[in-house]
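Given chain A, work out where chain B should sit, using these hints.
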Amino acid sequence: MSSPILTTHELICGYKIDITPPLDLVVNHHDIVAILGVNGRGKSTLLKTLMGIIPPFAGKIDCVCQCGFVPQNFSLNIDYQVWEVVVMGRSKQWGLFGKPNEETKQLAYETLTNFGLKEHIHRPFSLLSGGQKQLVLIARALLTQCEILLLDEPTTALDLHNQQKILNLLTSLAIQHNLTIIFSTHDPAHAMYAANQVLLLQENNYQYGKTEQFLTESNLSQLYHISMKKITLENSLTIFPIYHSE
Amino acid sequence: MIGLALFSLFLGHYSITVSEIFNILSQPFSKKQDYSFIIHQQIIWQVRIPRILLAFFAGASLALCGAVLQGLFYNPLVDPHVIGVTSSSAFGGTLAILLNLSTFGLLGLSFSFGLSTLLFIFVLLKGLKQNNLLILILVGLILSGFFSALVSLMQYLADTEEKLPSIVFWLLGSFATANWNKLIILAVPTSLVSWLLIRLSWRINILSLGDNEAKSLGVSVLFSCWLILILCTFIISIQVAVSGCIGWIGLIIPHAARLIVGKNHQYLLPIAFWLGGGFMMITNDIARLINSAEIPIGIITAVIGAPCFVLLLRQQIFSRS
Chain A
2 MSSPILTTHE LICGYKIDIT PPLDLVVNHH DIVAILGVNG RGKSTLLKTL
52 MGIIPPFAGK IDCVCQCGFV PQNFSLNIDY QVWEVVVMGR SKQWGLFGKP
102 NEETKQLAYE TLTNFGLKEH IHRPFSLLSG GQKQLVLIAR ALLTQCEILL
152 LDEPTTALDL HNQQKILNLL TSLAIQHNLT IIFSTHDPAH AMYAANQVLL
202 LQENNYQYGK TEQFLTESNL SQLYHISMKK ITLENSLTIF PIYHSE
Chain B
9 MIGLALFSLF LGHYSITVSE IFNILSQPFS KKQDYSFIIH QQIIWQVRIP
59 RILLAFFAGA SLALCGAVLQ GLFYNPLVDP HVIGVTSSSA FGGTLAILLN
109 LSTFGLLGLS FSFGLSTLLF IFVLLKGLKQ NNLLILILVG LILSGFFSAL
159 VSLMQYLADT EEKLPSIVFW LLGSFATANW NKLIILAVPT SLVSWLLIRL
209 SWRINILSLG DNEAKSLGVS VLFSCWLILI LCTFIISIQV AVSGCIGWIG
259 LIIPHAARLI VGKNHQYLLP IAFWLGGGFM MITNDIARLI NSAEIPIGII
309 TAVIGAPCFV LLLRQQIFSR S
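Sequences listed follow chains A and B, in order. Taken in order, the first sequence gives residues 2 to 247; the numbers are from our numbering. Taken in order, the second sequence gives residues 9 to 329; the numbers are from our numbering.
For reference, chain A alone in the conformation it holds in the complex (with noise of 0.2 Å):
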């Protein structure tokens, strides 16, 4: 049976008013799991509580490791090369003064290597396609030696085909890396392929628990206030909205 790697206490996400309901979370090693919730619910103020980034609003947060985030990359402006972005995911061990040694700088190449971005080694950031943005950052976020990696939206604003990428690479992760993966997301079906935890924010309550128990017609239609419908393709489980007219 996994340990618990992070665990809430009564956690209050927000900024100067609550936006998240006290949550009482445990996370297991290796564990996936995705965050759902409509706009505004939290999503990614929960994230950055767990970062860091933000104080948590009320609660508290026991994770003892490192934790390594992967922001939105559209709303980056990073006008760096692809190298120097990925170098950074080291710089708590350079201290004040410090710089990225050829160590750093090799890691950073072997991981982009990885990741198929040789040939964008050098290239500016900014001129980078959605899918390859998302790549850099998670390989910044791997330099950060983290054991939790958080990532706020990672599929948001990709093609299918970089979407499966991604979720194929974060369960890849989890395994290879002994990852685990907190992700945000408004595709419960992504959830479905790449989770086995699930957190459901709501206003006022959360659902949280594993993705098979948790991940129903009515517990979604209840949180996006539309009929979902659930169903087996190819040997696959699937999920997905029914749209209606109004």
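Treat the hints as calculated values from the structure; they're not laboratory data. Accuracy of the hints is not assured; some may be wrong.
To be verified - Pairs of lysine-lysine residues, derived as DSS-like cross-links and limited to a Cα-Cα distance of at most 30 Å, are as follows:
1. B:Lys223 - A:Lys61
2. A:Lys106 - A:Lys93
3. A:Lys106 - B:Lys134
4. A:Lys166 - A:Lys119
5. A:Lys119 - A:Lys93
6. B:Lys271 - A:Lys119
7. B:Lys223 - A:Lys106
8. A:Lys100 - B:Lys223
9. A:Lys93 - B:Lys171
10. A:Lys119 - B:Lys223
11. A:Lys166 - A:Lys61
12. B:Lys134 - A:Lys17
13. B:Lys134 - A:Lys61
14. B:Lys271 - A:Lys17
15. B:Lys223 - B:Lys134
16. A:Lys93 - B:Lys137
17. B:Lys223 - A:Lys93
18. A:Lys166 - B:Lys223
19. A:Lys166 - A:Lys106
20. A:Lys61 - B:Lys137
21. A:Lys106 - A:Lys119
22. A:Lys166 - A:Lys211
23. A:Lys61 - A:Lys93
24. A:Lys119 - A:Lys100
25. A:Lys230 - A:Lys211
26. B:Lys134 - A:Lys93
27. B:Lys137 - B:Lys223
28. B:Lys271 - A:Lys100
29. B:Lys137 - A:Lys17
To be verified - From chain A, some residues computed to sit far from chain B (all C-beta separations above 12 Å):
30. Val27
31. Asn29
32. Asn40
33. Gln67
34. Trp95
35. Glu120
36. Thr157
37. Ala158
38. Gln177
39. Ile227
40. Ser237
On a predicted model such as this, the values are computed, not experimentally measured, just so you know. Backbone N, C-alpha and C define an ideal beta-carbon position, used for all residues, glycine too.
The following block gives chain B in isolation, referenced to the frame of chain A:
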């Protein structure tokens, strides 16, 4: 840069040949009795060398601080004036001139007003429980406006025959009163602080991504920002104290340096330092030579700087598209 400095040594209203200059430079302690040699030696060692080096260090410090602050505030329109230190130092200087203080009094007052402004901003933000860089810029601009008004008041109160011209000339920037004392006062801290700022270049790279990004990479944003601001304030206030308010260098040189080496501060900061120093040496030469009466540096930097800035912006827009 050495070539430019030697060329600047050759320029001046008092004509000295190249061979004489090399002769004087190679024998700094020569005690020749030749009257013209003594005069030339005095001009080179006591006037031109301190003045050229003072111009270099003033330009280098302004350009370096401009590049650092543009990265820190992730805004390419920021220059050293934005944190309010330049105006407050200028007020200190004008007050010293009005009170008839000595050169050291002027330096001390100008420097202490610059540093106390940053301290005031720090206390104010602490009191308001704000750590937002945008608030810092706004407070800086408000203080800048406030001290500019006080400088105008000093000018209004000054005696029009003697003190007002001194205040105006000092405010517009000049190296006319350069000497070894002023050079040491500027050069030693500038060299040390510039070295520290260049060593902080990767930290500035990370801070330029924005607060949240920097925090997510484990960087202590508040501590790093204040350390960098203190270092910048230190050399900006000394620069204003020794050579007055000189605009545009801190704005345009970082843009020019960025076009040459890109945005990584590891390369950008040293280039901005050397480019700023070189540009100021040329400006200083123009100020000395364009007219028999010396033109204030600030006027020349503004006249050259404004069109240069338009050209640099055009270049950057084209390079992006």
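Hints, one by one, checked against the model:
In summary, the hint linking B:Lys223 to A:Lys61 is supported, as the alpha carbons are separated by about 19 Å, within the 30 Å threshold. Simply put, A:Lys106 and A:Lys93 have alpha-carbon atoms about 15 Å apart, close enough for the 30 Å limit, and the pair holds. Restraint check for A:Lys106 and B:Lys134: the C-alpha separation of about 39 Å exceeds 30 Å, so the hint is violated. Of the supplied pair hints, the one linking A:Lys166 and A:Lys119 holds, its CA atoms being roughly 17 Å apart against a limit of 30 Å.
Restraint check for A:Lys119 and A:Lys93: satisfied, since their Cα atoms lie roughly 25 Å apart, inside the 30 Å limit. With a C-alpha separation of about 21 Å, the suggested pairing of B:Lys271 with A:Lys119 holds against the 30 Å cut-off. Distance hint between B:Lys223 and A:Lys106 is fulfilled; the C-alpha atoms sit about 22 Å from each other, no more than 30 Å. The straight-line distance between the Cα atoms of A:Lys100 and B:Lys223 is roughly 17 Å, inside the 30 Å bound, and the hint therefore holds.
A hinted pair counts as satisfied when its Cα atoms are at most 30 Å apart, and A:Lys93 with B:Lys171 does not qualify at roughly 53 Å. About 28 Å separates the Cα atoms of A:Lys119 and B:Lys223, which keeps this hinted pair within 30 Å; it holds. Among the hinted pairs, A:Lys166 with A:Lys61 is inconsistent with the structure: their alpha-carbon atoms are about 34 Å apart, more than 30 Å. Restraint check for B:Lys134 and A:Lys17: satisfied, since their Cα atoms lie roughly 18 Å apart, inside the 30 Å limit.
At roughly 25 Å between alpha-carbon atoms, B:Lys134 and A:Lys61 fall within 30 Å of each other, so this suggested pair holds. The hinted pair formed by B:Lys271 and A:Lys17 fails the criterion: a straight-line CA distance of about 35 Å is larger than 30 Å. At roughly 19 Å between alpha-carbon atoms, B:Lys223 and B:Lys134 fall within 30 Å of each other, so this suggested pair holds. Under the criterion of a C-alpha separation no larger than 30 Å, the hint pairing A:Lys93 with B:Lys137 is consistent with the structure, at around 26 Å.
Distance check on the hinted pair: B:Lys223 and A:Lys93 sit about 11 Å apart at the alpha-carbon level, within 30 Å; holds. Simply put, A:Lys166 and B:Lys223 have alpha-carbon atoms about 28 Å apart, close enough for the 30 Å limit, and the pair holds. For the suggested pair A:Lys166 and A:Lys106, the alpha carbons sit about 25 Å apart, so the restraint of at most 30 Å is met. Note on A:Lys61 and B:Lys137: the hinted pairing holds, with a Cα-Cα distance of about 22 Å set against a maximum of 30 Å.
Distance restraint check for A:Lys106 and A:Lys119: the Cα-Cα separation of roughly 13 Å lies within the 30 Å cut-off, and the hinted pair is therefore satisfied. Proximity of A:Lys166 to A:Lys211 is assessed by CA-CA distance (about 23 Å); at most 30 Å being required, the pair is judged to hold. Taking the CA atoms of A:Lys61 and A:Lys93, the gap is near 24 Å; set against the 30 Å cutoff, the hint holds. The hinted pair formed by A:Lys119 and A:Lys100 meets the criterion: a straight-line CA distance of about 22 Å does not exceed 30 Å.
At most 30 Å may separate the alpha-carbon atoms for a hinted pair to count; A:Lys230 and A:Lys211 meet this at roughly 19 Å. Straight-line distance between C-alpha atoms of B:Lys134 and A:Lys93 comes to about 26 Å, which keeps the hinted pair within the 30 Å bound. Distance hint between B:Lys137 and B:Lys223 is fulfilled; the C-alpha atoms sit about 18 Å from each other, no more than 30 Å. Between the alpha carbons of B:Lys271 and A:Lys100 the distance comes to roughly 15 Å, so the proposed pair stays at or under 30 Å and holds.
A C-alpha spacing of about 13 Å is found between B:Lys137 and A:Lys17, which places the hinted pair at or below 30 Å, so the restraint holds. Against chain B, the non-interface label of A:Val27 holds: every CB pair exceeds 12 Å, the least being about 23 Å. Consistency note on A:Asn29: stated as away from chain B, and its beta-carbon is indeed over 12 Å from all of that chain's, at 23 Å minimum. Every CB of chain B is more than 12 Å from the CB of A:Asn40 (nearest about 19 Å), matching its label as outside the interface.
Residue placement check: A:Gln67 does not keep its beta carbon more than 12 Å from all beta carbons of chain B (closest about 8 Å). Against chain B, the non-interface label of A:Trp95 is violated: not every CB pair exceeds 12 Å, the least being about 6 Å. With a cut of 12 Å on Cβ distances, A:Glu120 stays outside the contact zone with chain B, its closest approach being about 19 Å. Listed as a non-interface residue, A:Thr157 keeps its Cβ farther than 12 Å from every Cβ of chain B; the least gap is roughly 17 Å.
The Cβ of A:Ala158 sits about 18 Å from the closest Cβ of chain B, beyond the 12 Å cut-off, so the non-interface label holds. Residue-level check passed: A:Gln177 sits 23 Å from the nearest beta carbon of chain B, beyond 12 Å. Distance check for A:Ile227 against chain B: the nearest CB is about 31 Å away, which clears 12 Å, and the non-interface claim stands. Against chain B, the non-interface label of A:Ser237 holds: every CB pair exceeds 12 Å, the least being about 34 Å.
When held up to the earlier numbered hints, the structure conflicts with 3, 9, 11, 14, 33 and 34 and fits the remainder.
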